[in-house]
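Undergrad: Sequence:
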Amino acid sequence: MVIDEAHKCSARTAGKEVRRTRRYQLAERITAQANNVLMLTATPHQGDEDQFEHFLRLLDPDQFVGGEINKRIISMDHSPWFLRRMKESGG
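Residue numbers (the working numbering): -8 to 82.
Just so you know, these hints were derived from the structure itself, not from any lab.
No incorrect hints appear here.
Using C-beta positions, here's what the derived DEER-type ranges look like:
no.	residue 1	residue 2	range
1	E79	Q24	38 to 48 Å
2	G6	N27	31 to 41 Å
3	E79	A23	31 to 41 Å
4	D53	T4	16 to 26 Å
5	V(-7)	G38	18 to 28 Å
Heads up, the beta-carbon is just placed ideally off N, CA and C, and yes, glycines get one too.
Please build the complete structure, drawing on both the sequences and the hints.
TA: Right, dumping it as structure tokens:
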């Protein structure tokens, strides 16, 4: 399963409730049945950790259940979950 413009699939926690966009709900249903999931986006992470954790759960809801493991996995130099490309500084 390939999801382009994946940043548009968003969810956030509001109190005890999780508010999911319709795109997120659709992605949840589809990715639950997929053997492999590739989410593509060129939009940088905006720093909202809660929203980012929900985003990661689309990849693997069992792997991304708590904040601490997410921070450790995200900070790995060779994470199996992320490919990060940075613009080279011109100058």
